[in-house]
Amino acid sequence: MPLLQAEEISVTFGGHRALVDVSVDAEEGRITGLIGPNGAGKTTCFNVLSGLQPPQGGRVIFDSQDISAVPAYKRGRLGMARTFQRIEVFGSLTVFENVLVAAEIRHRWSRGEEIDLDAECNDIIDLVGLRKVADQRVDSIPTGLSRLTELARALATKPRVILLDEPSSGLDDDESEAFGDLLLTLAKRGVAILLVEHDIDLVMQVCDRIHVLDFGTIIAVGTPVEIRKDKRVQKAYLGED
Amino acid sequence: MDAPVLEMKDLHAAYGRIPVLFGVDLVVPARSVVALLGPNGAGKTTTLRVACGQHVPTSGCLHVAGKHVNGAGADDLARAGVCTIPEGRGIFANLTVDENLTMMTYTGASIADVRERAFGRFPRLFERREQLAGTMSGGEQQMLALARALATEPALLLLDEISMGLAPLIVAELYEAVRNIAADGVAILLTEQYARTALEVADYAAVMTQGRVRQMGEPADIASELSGAYLGSHGEAKRSRGAKQ
Amino acid sequence: MKDLLAFTVIGIVTGSVYAIAASGLVLTYTTSGIFNFAHGGIGMLMAFTYWEFRFHHHWPAPLALFVVVFVIAPALGALIERVLMRNLHGRSTGTSLVVTIGLMVMLMGIAQGIWPPAARPFPEFYSGHGVTIFGIFVTTHQIITIIVAGLAALIFWYLLNRTRTGVAMRAVVDDRNLAALNGVSPARVSMLSWALGSSLAALAGILIAPALNLEILNLTLLVVVAYAAAVVGKLKSLPLTFAGAMILGLLTSYLSLSWVHAEKIPGLPGALPTIMLFACLLLLPEERLRVGRITSERGPRVPSLGESLQGGILLVVGAIVVSLVLSDANLVRVGQGMALALVMLSLVVLMGYGGQISLAQMTFVGMGAFAMARFGLGGSPLGLLMAPLLAAPIGALVALPALRLQGLYLALATMAFGVAAENMLFPRAWLFGSSTRVVPRLHLFGVHFDGEKSFFVLLAIVFSLFGIGVLALRRGRFGRLVSAMRDSPAACTTLGVNLLTTRLAVFTLSAAMAGFAGAFYGGLRGSAQTNDFLMFQSLPLLLMAVIGGITTVSGALVGGLLLGLLQTQSSTGVLAGLVFLFTGAAAVSLGRNPHGVAFYISQKLEPLKDKVPWFRPEEPDEPLTEELPRIAAAAG
Ligand SMILES: Nc1ncnc2c1ncn2[C@@H]1O[C@H](COP(=O)(O)OP(=O)(O)OP(=O)(O)O)[C@@H](O)[C@H]1O
Ligand SMILES: Nc1ncnc2c1ncn2[C@@H]1O[C@H](COP(=O)(O)OP(=O)(O)O)[C@@H](O)[C@H]1O
Ligand SMILES: [Mg+2]
Ligand SMILES: [Mg+2]
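Chains as they are written, first to last, in my numbering: chain X, 7 to 247; chain L, 98 to 342; chain S, 449 to 1084.
If you're looking for bench data, these hints aren't it; they were derived computationally from the structure. Be a bit skeptical, because a hint or two may be false.
Which chain X residues face chain S? A few, computed with CB under 8 angstroms, are given here [claimed, not checked]:
#, residue
1, Leu58
2, Ile73
3, Ala75
4, Tyr79
5, Arg83
6, Arg88
7, Val95
8, Phe96
9, Glu103
10, Leu106
11, Ile111
12, Thr163
13, Lys164
As the structure is a computational prediction, the values presented were derived from the model and not from experiment. For glycine and all other residues, C-beta sits at the position ideal for the given N, C-alpha and C.
When you get a sec, could you build the whole thing from the sequences and use the hints?
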């Protein structure tokens, strides 16, 4: 049973059908890719999953529960975290504080016992590789590092599933390499990861399964090898090799 | 030989008290494409911001088409034919696509031409022309931003990481477009994190690290030295995943 | 029936004036991104200028009209843009709002200086002429007003939506830098939009002046009505704004119908815009969280616990010395400033930290003063306890409908509430009524703080404690959370923050603090009445808080003392106009130095601090990072 499931969700923006009966799912310990051409509906799908966009039809299921009517902030508390395609960081705080704030927020709603949040955040900073900029304000660091900050912040809520919207854009070759490794590490720890990404090499390398979206519908689901061979996907997205 | 379209001499720049560029020397000769490469935070964006007049350098010289233009406003340079597609947000989010296109006519092109070129290259924009630009998908927004480069017939084009967030097919198309623009004799300075893509279209490449241009030369020479310069020590492991099955 | 018709005509005329004023407001807002509180003030000043030319110097009406509407008003608008607004882009809604409030105060000061109060007949255009429609006499002036309103709405709608210049104006608001990259000169475009907005304000002012007797305050507060209409159009849509203005005009007019019996609810006509505003706030759909707009302002460093303790002790010691030196009369003046500073602390939390704006802080202060008067008999601490307990729930109630929406709407809702409170709430007999209530001073642990000296020191102690508390809040989780919410509400939501309750908590806390401060403010003055707590008095409060420095505790102190000084000076009547001017001038400097006077002073003192050992900040300045960070290949 997948941890997070979208069942036949549909979204319409004033006559434009951005999503038509789309079903995707993410399993614990797996990295699931969601790819497709620009405007296919990937971000919209994320918005529906995380509760920022009410769908016109369909259901969202998390941990065997229908959460379609659960507001966004409560989904966060259930263990769902995400990053944004257009980066949403707390620019006036330092990198460390960005992570700390998230940990504190989690700590408040989880009513967990008093633990060393600082140490926890430091671990995350090291894991993501932000040590050198930890004390810089986020609005003064380069785009790529802001993206990593967003990921670190998401991790601080101890999510069971993370939705990543183009996390590697803005990273250079070296960094996205490291980033791929990081994703694998996280998956090994049991997190379910849903990845939207245009760096196709990265997707093919780290994903267990890939959903392909085009014009608001799923046109293919399969392993990276299957997806590469799929004629429709090649035509719509990858380009003929 | 014409004067270079863009020339920077010992350019220093800072954000507040924090210096970011430490003496950048860079030349974009007429009718050529220069790729500015380098890791995150090297100062590529800042260099372009200085070049287009958005950021005032602390010292050094900026020449555009042989003229000393330190202190010229971004709008003056834009009207003089410098077209800049900034990193990330290059569109007016609260205007519709059509209105965004209207804004592109301020540098002289007629609205009919702008529409024709933009929609011709990106038919998707035509479908979305009534939509508020900010609600479009990330990729669609990027297409709209780029439409300005195609539509306004600039003399110098500054492109900051245009492939960011675009699907592979579109990136390929886009660079095709850049090639076409270059073929018309427009000088182009572009930055890109994926060195490979940029090197394919470039006549020259410059490598920037830590606020200085370390190297400038033919793409082939640069490519061979790149791994040492900034791709890091594990240059081999690097492209293992890049090799297509 | 004939009544109804007659009042409909009057309603349409009134609505037309509102429409002109509101269109100007919407025009400046959509084309400059700044909600111009001074819109009414500009209209007022221009109406006076018109009067001067037309009736004092006896120019012919068309000439006077042309000169005022098409020459002086646009020039004034352009000047305002150049001097005040140009430095404001990129600043928070709060700062820019406050600058326009300052401008409004300044314009009133100028008008008062040039045209001291006197009867100034201001006849209508074509006075006496008119036509009879359905048996009702409609004056030519009224017809002109209706036509002008309709034309203005049409022309400006066309300008904004159908012309390149209009698109450029909105583009400049959206992203100034990008507009420049497109080859547009943002400065020129903004100037044009201020010039146009200013012309519209002039037109509205001149057309309505005959009805309002050319009176400074009434004309200036025309904006209060105009914004209610503008909210109907969500501050964006000119046609809807027009409709809103008409509805408001008609409703106001119908209230005078004999069979409506509006007199049964005292204060209703005055509160009508307020009611309409709240209705709109409840009906407007919730704003979707905007993604992809990164805002962050660079604020002053937050002092450490040690530093804030030092500061607190310093202040109390200073207060003791001052209380020994100054005469009682002078002490009351400084004390007023200290009490106001305490009120401003509530604004620091709300606006400086939380990024929300309240224009009704004095109303909460009034509630606190009332609570102290009612429950604090003989200086009982019960009054002190009841003050925040009374103010907080009311604050929550006011904020609730507006918090779903954001920024400006809250400001407008609080302003509307302030107006409603002074019209319908405070005048109630069980509250202040028309009399003055005695507000006792605190009596605690057997100590009476009745004397001026002891009360002043008490004020300083309370301010220090609250200041230290507020700073502790700022350094801790709460401070981080509110900063995070300001920077990206969407991200906070996905992390599990309930934005509504958190914002509500901040607003309620601030209202409670203001109420608490009110108990002292009332105590200092010894009495309280409706007129002490008008909405209009919240404006200088906010203004001075921002001028002092809204993001810092020291800023609240500076702001409070300044305001106290100005208030007590101007009550002597000599310097009234100068006070207005000073306040306005200070607002001008805000664009350049958004963190206020206190921050500015502390920056100037910074080099000094290094020389004084016990003043040295705990950490040295961050070292210059020459080596740019490289991300390590992590997570192997
Ligand atoms: N608020 C909105 N109003 C109208 N149309 C919208 C809105 N949000 C998204 N759309 C449209 O829905 C479609 C899907 O958008 P979405 O952002 O999900 O694409 P995407 O797959 O994430 O693309 P990209 O890879 O370019 O980011 C697009 O055509 C977009 O223009
Ligand atoms: N607005 C800013 N304020 C302060 N520092 C900045 C700002 N923008 C960029 N920087 C700093 O300047 C350096 C160069 O950044 P940038 O030019 O964006 O690099 P690149 O485009 O090569 O990734 C970075 O180290 C970054 O931290
Ligand atoms: Mg997307
Ligand atoms: Mg960059």
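Consistency of the hints with the structure:
Proximity of Leu58 (chain X) to chain S holds as hinted, the smallest CB-CB distance being about 6 angstroms (cut-off 8 angstroms). A hinted interface residue such as Ile73 (chain X) counts as satisfied when its beta carbon comes closer than 8 angstroms to some beta carbon of chain S; here the least separation is about 14 angstroms, so the hint is violated. The beta carbon of Ala75 (chain X) comes no nearer than 16 angstroms to any beta carbon in chain S, farther than 8 angstroms, and the hint placing it at the interface is violated. Given the 8 angstroms rule on beta carbons, the hint for Tyr79 (chain X) holds: about 5 angstroms separates it from the nearest Cβ of chain S.
At its closest, the beta carbon of Arg83 (chain X) sits 4 angstroms from a beta carbon of chain S; the interface hint therefore holds under the 8 angstroms criterion. For Arg88 (chain X), the suggested interface contact is upheld, since its CB lies about 5 angstroms from the closest CB of chain S, less than 8 angstroms. Restraint check, Val95 (chain X) versus chain S: the minimum CB separation of about 7 angstroms is within 8 angstroms; hint holds. With a cut of 8 angstroms, the hint placing Phe96 (chain X) at the interface with chain S holds, because the nearest CB-to-CB distance is about 4 angstroms.
Proximity of Glu103 (chain X) to chain S holds as hinted, the smallest CB-CB distance being about 6 angstroms (cut-off 8 angstroms). Hint status for Leu106 (chain X) relative to chain S: holds, with the closest Cβ pair at about 7 angstroms, below 8 angstroms. Below 8 angstroms, beta-carbon pairs count as interface contacts, and Ile111 (chain X) has one with chain S at about 5 angstroms; its hint therefore holds. Because the beta carbon of Thr163 (chain X) sits about 6 angstroms from the nearest beta carbon in chain S, less than 8 angstroms, this interface hint is met.
Restraint check, Lys164 (chain X) versus chain S: the minimum CB separation of about 11 angstroms is more than 8 angstroms; hint violated.
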